[in-house]
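Model the full structure from these sequences, guided by the hints.
Chains A and B are the protein sequences, given in the same order.
In terms of the numbering used here, the first sequence opens at residue 284 and continues consecutively.
In terms of the numbering used here, the second sequence opens at residue 26 and continues consecutively.
If you're looking for bench data, these hints aren't it; they were derived computationally from the structure.
Be aware that a few hints might be false.
Stated by the list, open to error - Some chain B residues well away from chain A (every beta-carbon gap over 12 Å; in silico):
{"no.": "1", "residue": "Ala53"}
{"no.": "2", "residue": "Ala54"}
{"no.": "3", "residue": "His101"}
{"no.": "4", "residue": "Ser118"}
{"no.": "5", "residue": "Leu187"}
{"no.": "6", "residue": "Gly267"}
What the hints assert, rightly or not - On the chain A side, residues computed to face chain B include the following (Cβ under 8 Å):
{"no.": "7", "residue": "Asp327"}
{"no.": "8", "residue": "Thr328"}
{"no.": "9", "residue": "Thr425"}
{"no.": "10", "residue": "Ser468"}
{"no.": "11", "residue": "Pro555"}
{"no.": "12", "residue": "Ala556"}
{"no.": "13", "residue": "Leu660"}
{"no.": "14", "residue": "Ala663"}
{"no.": "15", "residue": "Ser665"}
As the list claims (entries may be wrong) - Covered by chain B, per the in silico footprint, the following chain A stretches (three or more residues, Cβ under 8 Å):
{"no.": "16", "stretch": "566–574"}
{"no.": "17", "stretch": "621–630"}
Ideal Cβ positions, reconstructed from N, Cα and C, are used throughout, including at glycine.
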Amino acid sequence: MNLAGTRLLLRFGLRRDRVLVTAWVLVLVATVAVSAAATGPLYDTEADRVAAAEALNASPAIVALYGPILDTSSLGELSMTKMTVLYAVFVAFMSVVLVRRHTRVEEETGRAELVGATAVGAAAPTAAAVLEAVLASLVLGTLAAVADIACGLPVVGSILFGASWAGIGLVGAGIALLAAQLSSSARSVGFLASAAVGALYLLRVIGDVTSATWLSWLTPFGWGTQLSAWSEPRVWLLLGYPLLAGALTALALRLRRRRDLGAGVIPDRPGPAVGSPRLRDAAALVVRQQGPALVGWTVGIAVIGTLMGSIVPSIGDLLDTDRTRPVIEAMGGAGGLQDALVFAIASVVAVVITCFGIGTVTRAAGDEHDGRTETVLATATSRRLLLLAVGGAAVLGSTWLLLVAGVATAIGRGDGLAAVGASLVQAPAVWLVLALALLLLSVRSRWAVAGWAVLALFVTVGQVGPGLDLPDWVLGLSPFHHVPRYPSEAFAWRPEVLMTALTVLVLGVAWTRYRSRDIG
Amino acid sequence: MSNPIEVHGLVKTFGSTVALAGLDLELAAGEVHGFLGPNGAGKSTTIRVLLGLLRSDAGSTTVFGLDPWRDATEIHRRLAYVPGDVSLWPNLSGGETIDLLLRMRGIDPRGTRRDELLQRFELDPTKKGRAYSKGNRQKVALVAAFAAPVDLLVLDEPTSGLDPLMEQVFNECVAEHGAEGTTVLLSSHILSEVERLADRVTIIRAGRAVESGSLDDLRHLRRNRVRAEVSGVVPDVSRIDGVHDVDVDGRVITASVDPAGLSGLLAALTGAGVVSLTSTPPTLEELFLDAYRTTP
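Printed below as a string of structure tokens:
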């Protein structure tokens, strides 16, 4: 294997990803710190902790989502319930994104060819990509352990937990590297790797909630729980991560040596020789491009909504401690608590759904950057139709997903249409964020990416704002802050109508600007 | 009827960069017009203004007598465009892309010459966009452009990436469309390519047209560089009409020759017993230098 130039490529990759990796690591570490710091004060006594842990274990939906709690008296395990398995998915995805970005994406764009023709070794780009993901995983694992220790959790448990996260990162890198050998399309590689991560997660879900518990031992997502980091740890289980990642990487490297640059192991299926008569204008083109993604999103949102919804009925038992009881009663008893949870689920899922819309807008920006928009606008397609198609797909697709989320939550909860309402009242806030993304696209196509930053800003303000006692006007910057807290509180027309009107206004400005700017 | 393309004093700036500094360009109906210039001269910028993708800062631009900024879609119904760097949708097959582009121009692909063109260009329409090489991406755009009759073809360096055989097919297609009365704007930085096809040529440099006219008008730009070695006495060729810049080095003569002076020079060289002879057409660089000299 010729590895000449690996160090150079690794440095270059880290430079390209400095913002992405830093943000990803910091957000996850911050989440760990907040969970570690917040759980202790909530459950003073061991009896409280046991009660809460048993309530968690009693709900199949929660076990499906977070995995079981093995030692019900452990503060560490309770604090890290969500982190151990569910948030480990985001750790795996960090590696997937990094490896895919530096392998298959580079090949698809032809940049790999450019680099490959220089004096770097044939295996160097692959090695650099994997090394970067490994490095990022190790840093993330270490910082997560440090965050736990700093927030007062046991040292050994914290280190083992951090190690399990680093391990999941390694596995993610291996999965992505293998997927990158299979298909010649970067999008398909992303899909294959995500599907593999999802399948491993699902394997653990089945193992954790059915009697086939051995299934949980087969997947790295099960190891996080079975490691039992916080009491009587099975340290040897940590070996599983590097072994699995190593095996995946070795297989990927074998496949890599056998294939040509730019080709995939799975041959590209030929497409139709003639176009369907339905594929006839800009709108049909956007549907063709975003349709498969929307189907995938619909399935994903339906699953998440159902799972989240099924947690709702058990929330009362979960938070039933001496300390929380008065708070719950102030909220109107268990029923009020459930309503609050339904709203909370709806607002989180709405943020996730907004990502679909922003993805649609940034994809249009990519089309313009690559010159495809120019080709379309040189036909009889008007700018109005093009912007309408992109905006329509983003807004209508997101609204559809909100409806799916609401219905799924209602089905999961097995009770009432309140969840549907809770999801749909989020719509004006989602529209407004998407209108801002479209405005960015309309000002300059390169700015469309900043749509992600706008969403991140709003979410951050909503998450940390109340804790930091930020002034009201700062909190009010986020459209999601103005959504009526239905069903906890009565539905209010005023903020909804105002946000919708603002959306129309922003879209109007976007439209005027898009008509009068240069394309390309 | 007005000319299909009329551009007068076109100015386009990007920030502090002046891309077009008062460009003039006129295309008569039915002519194949070569649009020559080095990279960065402003050829693609001009074409994008003509397509209404960029807004001009000053000057007047009309296509079919309409304003390309205001009436883009109306104009586009009557033209086909091939960009210099074709980017395809990665997940659409070539055939789907061709049909989509045709339908977007309001044309039903079933009544067109697309299948015949696919054969002539030897293009596999079932491959996905991401799998095509640069030359094949170019072919996809060319088939979509040539498949249906239009009033105007706008081709921006369309043969980059095509092999000589395919260039030949391309030349035939332009000639066929030209014979049908289609107006063609053919941008290029290669003189010989344009020379074969174009009725008239406009040469631009640094955002300005420096020369415009029929190829005969531009004859003075087509001065060949001749290098010859003789076995006998070196003749004095500098007196021959149309021979310039004579340089003698031992038995080797080099000179610039107008087409009119070529036979006189050859006669003199033959008399002196020529043993080797090369004649090089002017490079684009020399052409532009010439063009600059002849412009006030």
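Now the hints, each set against the structure:
1. For Ala53(B), the requirement that its beta carbon stay farther than 12 Å from each beta carbon of chain A is met, with the minimum near 22 Å.
2. Its beta-carbon lying about 21 Å from the closest one in chain A, Ala54(B) satisfies the requirement of being farther than 12 Å from that chain.
3. Against the 12 Å criterion, His101(B) falls within the reach of chain A, whose nearest CB is about 5 Å from its own CB.
4. Some Cβ of chain A comes within 12 Å of the Cβ of Ser118(B); the nearest lies about 3 Å off, and the non-interface call is violated.
5. The beta carbon of Leu187(B) is kept farther than 12 Å from every beta carbon of chain A, the shortest such distance being approximately 18 Å.
6. Every CB of chain A is more than 12 Å from the CB of Gly267(B) (nearest about 45 Å), matching its label as outside the interface.
7. A least Cβ separation of about 56 Å between Asp327(A) and chain B goes past the 8 Å threshold, and the interface hint is therefore violated.
8. Hint status for Thr328(A) relative to chain B: violated, with the closest Cβ pair at about 58 Å, above 8 Å.
9. At its closest, the beta carbon of Thr425(A) sits 38 Å from a beta carbon of chain B; the interface hint therefore is violated under the 8 Å criterion.
10. Checking Ser468(A) against chain B by beta carbon gives a least distance of about 6 Å; that is within 8 Å, so the hint holds.
11. Nearest Cβ of chain B to the Cβ of Pro555(A): about 6 Å, under the 8 Å cut. The hint holds.
12. With a least beta-carbon distance of about 4 Å to chain B, the hint placing Ala556(A) at the interface is held under the 8 Å criterion.
13. Below 8 Å, beta-carbon pairs count as interface contacts, and Leu660(A) has one with chain B at about 6 Å; its hint therefore holds.
14. Taking 8 Å as the C-beta contact cut-off toward chain B, the hint placing Ala663(A) at the interface holds, the least distance being around 5 Å.
15. About 5 Å separates the beta-carbon of Ser665(A) from the nearest beta-carbon of chain B, less than 8 Å, and the hint is met.
16. Residues of the stretch 566–574 of chain A lying with their CB closer than 8 Å to a CB of chain B number 3, which satisfies the three-residue condition for coverage.
17. Beta-carbon proximity to chain B at under 8 Å applies to 0 residues in the stretch 621–630 of chain A; the threshold of 3 is not reached and the given coverage is violated.
Hint compliance for this structure: hints 3, 4, 7, 8, 9 and 17 are not met, and every other hint is.
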